[in-house]
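Chains as they are written, first to last, in full-length UniProt numbering: chain A, 1 to 533; chain B, 1 to 533.
Note that these hints are calculated values from the structure, not bench results. Careful: at least some of the hints might be erroneous.
Identical copies look the same in the list; a pair holds intra-copy or inter-copy alike.
As the list claims (entries may be wrong) - Distance condition first, Cα-Cα at most 30 Å in a straight line; then the derived DSSO-like pairs of lysine-lysine:
{"hint": "1", "residue 1": "Lys320", "residue 2": "Lys71"}
{"hint": "2", "residue 1": "Lys400", "residue 2": "Lys356"}
{"hint": "3", "residue 1": "Lys277", "residue 2": "Lys154"}
{"hint": "4", "residue 1": "Lys84", "residue 2": "Lys203"}
{"hint": "5", "residue 1": "Lys362", "residue 2": "Lys201"}
{"hint": "6", "residue 1": "Lys281", "residue 2": "Lys406"}
{"hint": "7", "residue 1": "Lys320", "residue 2": "Lys414"}
The model shown is predicted, which means the values in this text are computed figures rather than measured ones.
Listed below are the residues making up each chain.
Number of protein chains: 2
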Amino acid sequence: MRNRKGLAVLMRTPMRGAANRRQLLAATSPLPRSNGASSSGGFQDGDDSCKVSLTDVKEWMRQSISISPDKFESLDANLEEFSKGYLSLSVERRRELLFALARDYDVNRTRVRELMQQYLKIEFSRIEEGNGVLDELLLAACFRMERNLRDALKPMYSVFFERLNAHPGGLKILAVLRADLLLVMEKENMPSLRALDSYLKEKLITWLSPATLQLHQITWDDPASLLEKIVAYEAVHPIRSLHDLRRRLSIGRRCFGYFHPAIPGEPLIFIEVALLKGVAKAIQEVLWDDPPILEEEATCALFYSISSTQPGLSCINLGKFLIKRVIELVRRDIPNIVVFATLSPIPGYRKWLLSKLASQLKLANMEENNIKLSETCSSSTFKERLLLPDEERSICDSAKGLFEGKSAIEILEKLLTSLNNEWTRSDGLLGTLKSPLMRLCARYLLNEKKRGKALDPVANFHLQNGATLENINWMADPSEKGIIQSFGIMVNYVYRLEGIEENAQSYFSTGYITASWSVLQYLEKPKEADDAE
Amino acid sequence: MRNRKGLAVLMRTPMRGAANRRQLLAATSPLPRSNGASSSGGFQDGDDSCKVSLTDVKEWMRQSISISPDKFESLDANLEEFSKGYLSLSVERRRELLFALARDYDVNRTRVRELMQQYLKIEFSRIEEGNGVLDELLLAACFRMERNLRDALKPMYSVFFERLNAHPGGLKILAVLRADLLLVMEKENMPSLRALDSYLKEKLITWLSPATLQLHQITWDDPASLLEKIVAYEAVHPIRSLHDLRRRLSIGRRCFGYFHPAIPGEPLIFIEVALLKGVAKAIQEVLWDDPPILEEEATCALFYSISSTQPGLSCINLGKFLIKRVIELVRRDIPNIVVFATLSPIPGYRKWLLSKLASQLKLANMEENNIKLSETCSSSTFKERLLLPDEERSICDSAKGLFEGKSAIEILEKLLTSLNNEWTRSDGLLGTLKSPLMRLCARYLLNEKKRGKALDPVANFHLQNGATLENINWMADPSEKGIIQSFGIMVNYVYRLEGIEENAQSYFSTGYITASWSVLQYLEKPKEADDAE
Numbered sequence: 001m002r003n004r005k006g007l008a009v010l011m012r013t014p015m016r017g018a019a020n021r022r023q024l025l026a027a028t029s030p031l032p033r034s035n036g037a038s039s040s041g042g043f044q045d046g047d048d049s050c051k052v053s054l055t056d057v058k059e060w061m062r063q064s065i066s067i068s069p070d071k072f073e074s075l076d077a078n079l080e081e082f083s084k085g086y087l088s089l090s091v092e093r094r095r096e097l098l099f100a101l102a103r104d105y106d107v108n109r110t111r112v113r114e115l116m117q118q119y120l121k122i123e124f125s126r127i128e129e130g131n132g133v134l135d136e137l138l139l140a141a142c143f144r145m146e147r148n149l150r151d152a153l154k155p156m157y158s159v160f161f162e163r164l165n166a167h168p169g170g171l172k173i174l175a176v177l178r179a180d181l182l183l184v185m186e187k188e189n190m191p192s193l194r195a196l197d198s199y200l201k202e203k204l205i206t207w208l209s210p211a212t213l214q215l216h217q218i219t220w221d222d223p224a225s226l227l228e229k230i231v232a233y234e235a236v237h238p239i240r241s242l243h244d245l246r247r248r249l250s251i252g253r254r255c256f257g258y259f260h261p262a263i264p265g266e267p268l269i270f271i272e273v274a275l276l277k278g279v280a281k282a283i284q285e286v287l288w289d290d291p292p293i294l295e296e297e298a299t300c301a302l303f304y305s306i307s308s309t310q311p312g313l314s315c316i317n318l319g320k321f322l323i324k325r326v327i328e329l330v331r332r333d334i335p336n337i338v339v340f341a342t343l344s345p346i347p348g349y350r351k352w353l354l355s356k357l358a359s360q361l362k363l364a365n366m367e368e369n370n371i372k373l374s375e376t377c378s379s380s381t382f383k384e385r386l387l388l389p390d391e392e393r394s395i396c397d398s399a400k401g402l403f404e405g406k407s408a409i410e411i412l413e414k415l416l417t418s419l420n421n422e423w424t425r426s427d428g429l430l431g432t433l434k435s436p437l438m439r440l441c442a443r444y445l446l447n448e449k450k451r452g453k454a455l456d457p458v459a460n461f462h463l464q465n466g467a468t469l470e471n472i473n474w475m476a477d478p479s480e481k482g483i484i485q486s487f488g489i490m491v492n493y494v495y496r497l498e499g500i501e502e503n504a505q506s507y508f509s510t511g512y513i514t515a516s517w518s519v520l521q522y523l524e525k526p527k528e529a530d531d532a533e
Numbered sequence: 001m002r003n004r005k006g007l008a009v010l011m012r013t014p015m016r017g018a019a020n021r022r023q024l025l026a027a028t029s030p031l032p033r034s035n036g037a038s039s040s041g042g043f044q045d046g047d048d049s050c051k052v053s054l055t056d057v058k059e060w061m062r063q064s065i066s067i068s069p070d071k072f073e074s075l076d077a078n079l080e081e082f083s084k085g086y087l088s089l090s091v092e093r094r095r096e097l098l099f100a101l102a103r104d105y106d107v108n109r110t111r112v113r114e115l116m117q118q119y120l121k122i123e124f125s126r127i128e129e130g131n132g133v134l135d136e137l138l139l140a141a142c143f144r145m146e147r148n149l150r151d152a153l154k155p156m157y158s159v160f161f162e163r164l165n166a167h168p169g170g171l172k173i174l175a176v177l178r179a180d181l182l183l184v185m186e187k188e189n190m191p192s193l194r195a196l197d198s199y200l201k202e203k204l205i206t207w208l209s210p211a212t213l214q215l216h217q218i219t220w221d222d223p224a225s226l227l228e229k230i231v232a233y234e235a236v237h238p239i240r241s242l243h244d245l246r247r248r249l250s251i252g253r254r255c256f257g258y259f260h261p262a263i264p265g266e267p268l269i270f271i272e273v274a275l276l277k278g279v280a281k282a283i284q285e286v287l288w289d290d291p292p293i294l295e296e297e298a299t300c301a302l303f304y305s306i307s308s309t310q311p312g313l314s315c316i317n318l319g320k321f322l323i324k325r326v327i328e329l330v331r332r333d334i335p336n337i338v339v340f341a342t343l344s345p346i347p348g349y350r351k352w353l354l355s356k357l358a359s360q361l362k363l364a365n366m367e368e369n370n371i372k373l374s375e376t377c378s379s380s381t382f383k384e385r386l387l388l389p390d391e392e393r394s395i396c397d398s399a400k401g402l403f404e405g406k407s408a409i410e411i412l413e414k415l416l417t418s419l420n421n422e423w424t425r426s427d428g429l430l431g432t433l434k435s436p437l438m439r440l441c442a443r444y445l446l447n448e449k450k451r452g453k454a455l456d457p458v459a460n461f462h463l464q465n466g467a468t469l470e471n472i473n474w475m476a477d478p479s480e481k482g483i484i485q486s487f488g489i490m491v492n493y494v495y496r497l498e499g500i501e502e503n504a505q506s507y508f509s510t511g512y513i514t515a516s517w518s519v520l521q522y523l524e525k526p527k528e529a530d531d532a533e
């Protein structure tokens, strides 16, 4: 009895996952600065004072690139030393190493130019003519030169990547390397780093081909070492306790991971699915429906969380294939499921809206202080009417006494950035802000684009996979994280099997977003019909 | 009791494996001509009359190459149709399709030339100078053009290979395609086919990186569908019955396979290992040591069979990594094992010796009929003394009455090519032939090279992996297959861990073959010491 209680306490003990990207990175690539001794090697910690110097690691890298391929033991030893050494370097040293890799192991341009000059001397006209013996010889020479050119155009770091990929544990190191590279590029976006990243990304895409990935249903019977990773990497709705974890793996729930043979024991990406009677419009319905409904009564598979575990594999769309395979699998196993939908966060909404508000305030400020004449043309390219007249009025009304003389935009900005999100604690403010926040959210999702694609990364992900933007749900995630990302609003994207390819295709070619009427009506020219939601 | 007997009979019922390459190919890529309906599709059989026409399959191929990547369902459907369709084509139609692939989806040379001319206009000197903003821009342009050039230099069939690789079941189709290509190239070795093969091979090497392959010990507990494949693919010592199969998977034996996630349920290559008290010098000791010795008494792990299941993966050295990993695994699991050796066939010996004998006979014949003067210079570049005087004498003696007046070479040739290998049934002849056949075998293995490497493919395989040529064993495989390959002779290659890399390295760079004294002495200048073996 006592043990049981002990277990129950354990099951409910709060757990902390490494929820954000930086933390994940630290977990996969231990830095001496942050966590003492490196977990993957026996090296001493310390920044510049650690036993492994940048020079050593660079030398192992050089050896790994230049060594003859038949010296496989030395090659293996060098790759091993490099891997351990790299992981024990500080952020700054890694940055230096990446710069050296990009700069010193680039394309050999002298050789490329020589080969090109030779190639251009070929009398192509003679090949294209036909079928004599000479043409055969010429064609053979042509193939040979093209092959040499392909080789010469490969940067020298290509060999390094290929060798690491063939080495046990090397794929993981490549993922860490790319994660570091992406961090460096956030600050220093140099052409040579971009070229390094683009080359590495291209390689990773072919090595992580969906046919190589294994779909595995993660259950409570899986090893603790794997389950622990699920807790650590869950990036959408943090797992609070063992009890919460078990809930997500038992009746009415599914968790599927994509595994690669070269990175055993942890999924590259995993998805959590809830089997429900209908499309859930709030995350509480998913996380806390205790007891769950009977699986045979479920009609909807709701994808409520997708987490990728390797920041270094960003922009390699593993999720698309994962969703596709999970839909196939669930359809086959549970024929009563007819709707496949998500309940998704809108990670970019708040940031976008606050920057919009800020720029409007700035413009208003400039207008007031300097150029009065622009008052007449209030709908210029710079200044826009973010709020409807009704919304402005009720915002000003709701805040009377507090922000006297301020504009609606100013009040809205102050409310949304208030300490501890005070506005969420007042029913009055919630009622007032619902209408503008929902309408602007629809606008953000449907109209705000970057290079023709939805600005919001989660929206872009599901839309490019062929989903429909189905519902926008008010206070669907009232957790602190939910408020901070998107004022608690969440979205249902629906995967309708018959429309997937068409949607993906039209989104891809024209940026057109397929959305339900309930979402589209937010963008209709307003008369007085803003309560329709 | 009756059931038990029934089972025993079943266990000993002879089985037929698809032992040779052609049979394997037919098994992996069912041709309507050979086995009726295709096993992988619902197509009707028949050669040109089958429902799927070459035109259809070509069209699916064209679509698979040209379709936009976001139309993933159509792409999948096309790849699926192509795969089924290709497998249902006759040999001749497949040949036509491969020619079309090589010719019509080659490099776009017009585009390559345009890009090269642009590239050569870049002022490289300005990039190399240093660190101004302009150089950055120039460098960025340079990277962009190099990337475009790399893309342009890819033949158009590259996309096809990549898409097939990403498609479930596609890797297997690529292996079948290459197997067919290799067969076509045996007769028609055109530059465009060679270029296609070399490109495909390069791709397969990166996709079949050893880190992607999973080592699995195959046991009697594995599914019958897997064990059936072991029987079918065992290429060295055919498995005769279920009893024989179980023997190879139970105490004192190991069988390890390399599996790729994209080709589930069958190994790409597998190796059979016997745990013995010493290095076995005859295959009978391995196949029929009933009861086996206790594993804890074993000191030698003998690799007695390596079979690759995909002829389309030839020249992709999976065996090297397999042996390396198996050695590591066995060392860890059974510390009493200290010797790692093989008992290997010599597949090219008989063919080589018979062609040597034939050319010597032809030379002798020419000499006799035409130019008498050459009798004085019997050791010219063309004519050589294959047999030692002693050997000649005893061959002539042993055959007296049968081949009166014939030369020793002529008698040897007649004996070795006699119907049903009659010579193996006479102790006298066995005694006489042992000495020359063993000596010439050592010469074949040590001295006969092709491009600096051992002519014998099995020798080349183990030598490049770093093994030592340890023993040549007389009548080590007296089966019909053993006699036909190498007059019953087999070789022990030994993997000495401390010498592996050095051996591999010197063999790679100079072609030097590390051999034991017992083998080397066969090549010593003869006095009268030829019985030393």
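Taking the earlier hints as the rules, which of them does this structure contradict? Of the numbered hints, 3, 5, 6 and 7 do not hold.
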